[in-house]
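*Asks:* In case you want the letters, here they are:
Number of protein chains: 2
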Amino acid sequence: MLGLRRGSFPKDELSKLVGSAELGEALSAGYLTQQGDQLSLSPSGRAKIRVVLAGGVYDVLHIGHLAALTEAKSHGDVLVVVVASDTTIEMLKGRKPIFPDEDRRKLVEGLKPVDKAILGYEDVGMGYEEVLTEVKPDLVAFGYDQENLERSVREIITMRKLKIEMVKLSKFENEKFLSSTSVRQRLSEALR
Amino acid sequence: MLGLRRGSFPKDELSKLVGSAELGEALSAGYLTQQGDQLSLSPSGRAKIRVVLAGGVYDVLHIGHLAALTEAKSHGDVLVVVVASDTTIEMLKGRKPIFPDEDRRKLVEGLKPVDKAILGYEDVGMGYEEVLTEVKPDLVAFGYDQENLERSVREIITMRKLKIEMVKLSKFENEKFLSSTSVRQRLSEALR
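Residue numbers (numbering that gives the first Met the number 0), protein chains in the order written: chain A, 0 to 191; chain B, 0 to 191.
No lab work stands behind these hints, which were simulated from the structure alone. Each hint should be verified, as a subset may be incorrect.
Unchecked claim - For lysine-lysine, the following DSBU-like pairs were computed, each having C-alpha atoms within a straight-line distance of at most 30 Å:
{"hint": "1", "chain 1": "B", "residue 1": "K160", "chain 2": "A", "residue 2": "K111"}
{"hint": "2", "chain 1": "A", "residue 1": "K10", "chain 2": "B", "residue 2": "K135"}
{"hint": "3", "chain 1": "A", "residue 1": "K111", "chain 2": "A", "residue 2": "K47"}
Stated by the list, open to error - Stretch by stretch, here's where chain A covers chain B in the computed footprint (C-beta under 8 Å, at least three residues):
{"hint": "4", "region": "53 to 66"}
{"hint": "5", "region": "108 to 120"}
{"hint": "6", "region": "147 to 155"}
Ideal Cβ positions, reconstructed from N, Cα and C, are used throughout, including at glycine.
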C-alpha cells in the first residue's frame with residue numbers, strides 16, 4: 000500500500016514512534032527486514048496490515064463524513080480515501096464542486112481517521128479499477144448511499160477475481176439533517 | 000489544561016502509548032506522580048507542556064482553517080480550539096451558521112492538529128475570559144483577520160496580568176480564494 004509497501008525508514012525514527020521493544024518483536028517475527036539502519040516492511044508484515052479503502056466527493060465536509068470515515072477505519076489498520084477529481088464530479092453531477100480537488104484531498108487527509116487521501120482517476124466509478132491495483136486494499140467501504148459505486152466495484156472484484164471484502168457503512172443517525180444534499184439546501188437558505 | 004491537568008491514567012496504558020523508557024524518565028524527573036498504578040501530571044510536568052489556544056466559527060471547513068490550526072499547533076504541544084456557539088455567531092454576524100455548534104465542534108476536533116475542541120461561552124469575544132481561566136493556555140493564536148478578537152483578548156490579558164503570549168497566524172497563501180467570505184460567494188454561485 001503506497002508508502003507502506005515501498006521504501007524503508009531509519010530504525011531510530013521508527014523506534015521513537017513505536018518503541019524499541021515493539022520494533023524488536025516485529026523484526027524477530029519477520030514482519031520487518033533490516034538493511035544497514037533502514038527498516039522495510041516484509042511481505043508477511045504487509046499481510047498483517049489490513050488496508051481499508053473508502054471514497055467520495057467530500058465537497059463541504061460535515062460530521063456525517065467524519066463518522067463514516069471513523070467507521071471505515073475501524074475495519075482495519077490503515078485507511079486510504081479516494082477523493083473524486085473535479086472532472087469526475089462534473090461528469091457525474093453536471094456541476095463543478097465548490098472546492099477544487101486538491102483542496103478537498105488535503106482537508107480529508109487532515110482528518111484523524113484518514114492515513115492517506117489520493118485523488119481518483121478521471122474514469123468511471125472514480126477510477127476504482129486503477130485505485131484497487133495501486134492501493135491493494137483488503138476491504139472497500141461504501142457509504143449507505145453509494146450504491147452505484149458499490150455495484151461497479153463489485154463487478155471489478157468479480158471479474159478480476161480479487162480477494163477484497165466489501166462493507167457497507169451505517170447511515171449516520173443524523174443523516175437526514177446532514178446529507179450533502181440537505182447541506183446544499185441549507186446553504187442555499189443561509190445565502191438567500 | 001482540562002483532561003491534561005486533572006485526573007490520572009493507568010500506567011500500563013500510558014506505557015503502551017509513549018514507551019516505558021519515556022515514562023520512567025518522566026517519573027524520575029518529577030513530571031508525573033504515581034499512586035498505585037495510576038499516573039498523574041505534576042505541576043512541574045504541566046509547566047513543560049505548552050498549551051496553545053485558537054478559536055473561530057469553522058462553519059464550512061476549508062484548507063485555510065487546516066493550515067491555520069496546523070500553524071497554531073506548531074507553537075506548542077497541545078492545541079485547544081474554541082468553536083463559537085450558535086448564539087455568539089447570531090450576535091456577531093446577525094445570521095445563523097449553516098452547521099449547529101456541536102457539529103462544528105466535533106468536526107474541528109476530528110482534525111489532526113486539534114487535541115481538544117470546546118464550545119465558546121455565549122459572551123463577548125466568544126467568552127475568552129472564561130476560556131482563558133479554564134484552559135490556562137501558554138499562548139493564544141489569532142487568525143490574520145481576527146483583529147477584534149485579538150483586541151479583546153489583549154485587554155483581558157493586560158487587565159488580569161496573565162502570563163500568556165499572543166501570536167498572529169500567517170495569512171494562508173491561497174486565502175483570497177479560500178476565506179470564508181469568498182467561500183460563501185462561491186457557494187452562492189454553485190447553488191444558483
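*Asks:* For every hint, state whether the structure bears it out.
*Replies:* Now for the hints, and whether the structure bears them out:
1. K160/B <-> K111/A: Violated - the C-alpha atoms of K111/A and K160/B are around 37 Å apart, more than 30 Å.
2. K10/A <-> K135/B: 38 Å, violated
3. K111/A <-> K47/A: 22 Å, holds
4. 53 to 66: holds (count 5)
5. 108 to 120: With 4 residues close enough to chain A, the hint holds.
6. 147 to 155: With 0 residues close enough to chain A, the hint is violated.
Figure legend: structure checked against the earlier numbered hints; hints not met, in rising order: 1, 2, 6.
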